[in-house]
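Undergrad: The chain contents come next:
Protein chains: 2
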Amino acid sequence: MSGSVSPLAPKTFVDMPALRGVRMATAAAGIKYKNRTDVLMMVFDEPAAVAGVFTRSKCPSAPVDFCRQNLGGGVARAVVVNSGNANAFTGKKGREATELTAKSAAKAVGCAESEVFLASTGVIGEPLDATKFAGVLDDLATAGTEAFWFEAAKAIMTTDTYPKVATRSAEIGGVKVTINGIAKGAGMIAPDMATMLSFVVTDADIAPAALQALLSAGVGPTFNSVTVDSDTSTSDTLMLFATGAAAADGQQRVTDASDAKLDAFRTALNDLLRDLALQVVRDGEGARKMVAVTVEGAENDAAAKRIALSIANSPLVKTAVAGEDANWGRVVMAVGKAGEMAERDRLAIWFGDVRVAVDGERDPTYSEAAATAVMKAQDIPIRVEIGLGSGRATVFTCDLTKEYVEINGDYRS
Amino acid sequence: MSGSVSPLAPKTFVDMPALRGVRMATAAAGIKYKNRTDVLMMVFDEPAAVAGVFTRSKCPSAPVDFCRQNLGGGVARAVVVNSGNANAFTGKKGREATELTAKSAAKAVGCAESEVFLASTGVIGEPLDATKFAGVLDDLATAGTEAFWFEAAKAIMTTDTYPKVATRSAEIGGVKVTINGIAKGAGMIAPDMATMLSFVVTDADIAPAALQALLSAGVGPTFNSVTVDSDTSTSDTLMLFATGAAAADGQQRVTDASDAKLDAFRTALNDLLRDLALQVVRDGEGARKMVAVTVEGAENDAAAKRIALSIANSPLVKTAVAGEDANWGRVVMAVGKAGEMAERDRLAIWFGDVRVAVDGERDPTYSEAAATAVMKAQDIPIRVEIGLGSGRATVFTCDLTKEYVEINGDYRS
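Each protein sequence line maps, in turn, to chains A and B. For the first sequence, the positions run 1 to 413 when UniProt numbering is used. For the second sequence, the positions run 1 to 413 when UniProt numbering is used.
Just chain A, with the same shape it has in the complex:
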């Protein structure tokens, strides 16, 4: 496999502003390799509100279990992220490793272990030697700086071909607040190198319950609407922290997610989550094209999303996209297999603006040339009208290429 950057990578990277209340630094702890940056520490000098969403896997990693347990406290002082080892399927040793890491971080920062959050990415099934963190975290706790976002995004990359950063701002009650986020993932989701991790921080002052409500609502059409290969990691982690530093500018703490003062913030947050999620898809393993699958007219939104995911996860649809083949019959197939209500004679399908099928038949004005022209582009919109109701969803994916097979057939050996 080549080390080249995805052709779908951003042409330029945004300048990431410093964000008050969080400092970050990286180090080489020697988790898997010597002299390779493999640990990122985020420190909140004042307690930050915290929210999180995690993998739905029934076999989650030890750090996912650990974060879920600490989330109830609602307060974060430190986050430790390592690469090289996912600490997944590591049993009792895995739990001991998270405890030891949290203990080291808590000592370094001067906080409770319940205020520490952890994420790990790398090979699974290998015991993680957490003693390697001890001295390193002491140094990182004091070394952190506020303007370290781009470096932090680079530090958590594994098979990613570019760092993923995004920033937005909004006003809450007339006070400007900032939201910064980073993500890693180059396959939504493999159990080893391509786990999806994302950390988003705002200087807004928002209570934990409200923050969780915002994040849980925001993840549906963003991180939970992207798929590279339908495979779900043991370690997927998305966390949102609010340092509350904007209180110094007079921002009044918001405790209720439905407070109208949060409207602009919600919009900015959702936009940032979408930005990061799409960056993950655009760095999908072997990806050459991005596909936006929109399903309209389904029985309800949930049905629309299941149909859209059926299309987006279909190997036959994804290989057709890779081959620039306007093979709309495979879209019909994927609608049919989704198991949701659909009537052949009401279906219509568009590639870009070209309607290829309508009323259960090929479009009478179908032009192979026009449809193929759409498939030559880097971004391919596929739209399906079910014609039964008003359910609607959009899911983002990439094509399935020989490079995907190569990357994933050769990775571990």
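Hints are supplied without guarantee of correctness; some may be wrong.
Claimed, not checked - Derived lysine to any residue pairs resembling SDA-like cross-links, with alpha carbons at most 20 Å apart: (1) Lys92/B with Val358/A; (2) Lys402/B with Asp301/A; (3) Lys93/A with Val358/B; (4) Lys103/B with Gly144/B; (5) Lys58/B with Gly339/A; (6) Lys154/A with Val14/A; (7) Lys92/B with Glu343/A; (8) Lys11/B with Tyr162/B; (9) Lys58/B with Asp301/A; (10) Lys154/B with Asp275/B; (11) Lys261/B with Gln212/B; (12) Lys58/B with Asp345/A; (13) Lys103/B with Asp65/B; (14) Lys93/B with Asp65/B; (15) Lys58/A with Gly389/B; (16) Lys93/B with Thr365/A; (17) Lys58/B with Leu388/A; (18) Lys176/A with Asp249/A; (19) Lys176/B with Ala207/B; (20) Lys58/A with Glu385/B; (21) Lys402/B with Asp249/A; (22) Lys58/A with Lys261/B; (23) Lys92/B with Asp345/A; (24) Lys32/B with Thr294/A; (25) Lys58/B with Thr294/A; (26) Lys103/B with Ala134/B; (27) Lys93/B with Val358/A; (28) Lys103/A with Lys58/A; (29) Lys92/A with Glu343/B; (30) Lys261/B with Asp249/B; (31) Lys92/B with Thr365/A; (32) Lys92/A with Val358/B; (33) Lys58/A with Val358/B; (34) Lys93/A with Pro364/B; (35) Lys402/A with Glu324/B; (36) Lys261/B with Gly173/B; (37) Lys103/A with Glu46/A; (38) Lys154/A with Ala143/A.
It is worth saying that the hints were derived from the structure and are not from the lab. Computed from a prediction, not measured in an experiment: that's the story for all the values here.
Please arrange chain B on chain A, whose structure you already have, making use of the hints.
TA: Chain B only, in chain A's frame:
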């Protein structure tokens, strides 16, 4: 793509015996190409009992709709199978084509249209010109012979690299009966060239309801337990016919599927269905290895099957098999994403006879060399013990190779 035969093809083909009561012949009707065999006709000179199972797609082809409608009558006199056009997503024109084909067949054979069954495979969305069948079926109705099974299997091949045939015999009440079957499919299941079709005929005398019960029960662990790419065709069709010719030898008609006289027949039928289903997997597009995924100790059999399918459909598991990589972490991932009850700390995983993980951790005696040796073979058994109940299932799949991407990226163009 090469035209070479799958490395998993049978080394030799079984001699298919003649089967009393059914005659077959093929012809070139010019459905898509000129001078290419594209239509197979089966004729039952006496009314045969009929049973069928079909795709679960919500967008089935016109022939699937047609067969379902005629199945209630329980009687078959003729079957017409064509390649070159799937008559799927063809709307009203599609229904008109099935009606015209049935009319031509009924006239040729001298039976009712409700005694005709149809199956089509090929490109979808193209109207099928059924007028091309008219004269051809008249000839085929008289030209058929009883010893035509291997030729019939070859005639329905599309992207298949070898014909799929199987035969078994059993006794019913002391009278020997024979079961012959053919299948096509080289991807469980694409909407165009790789649709799965299978036709099984016995000379036993079994009533339609009993025949349907046998087939519905038999399909679960056989044709419904194989997957190449998780994609479901609009046209999947498996039909079972009983000519009743064995009545001449004194076999008494069986009307109840639970009749003990059918025990040996049931075993033989299920064995034949499994044989044909595995031949389909072994001809999976781009396949180099076959994988048998067995899940034991799940909450129940249905949960075991869902977990086994999650493993068998995972692109990351299938690419690891292609790469001969004993990447058991991806099996853990696939167990976790299945959504069924599973406890990490109770899981155990075997590749062949090599236990690679136990009690939620890598096996203490894990040998990479031993696990890798298993992956070098052509047939890869993967076994997962969930440790929660007694649910059990086995699912068969193949690896995911660059050739799969090549075949399906280039097919239509």
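Undergrad: Quick one: which hint numbers does this structure break? Sort them smallest to largest.
TA: 2, 21, 22, 24, 28
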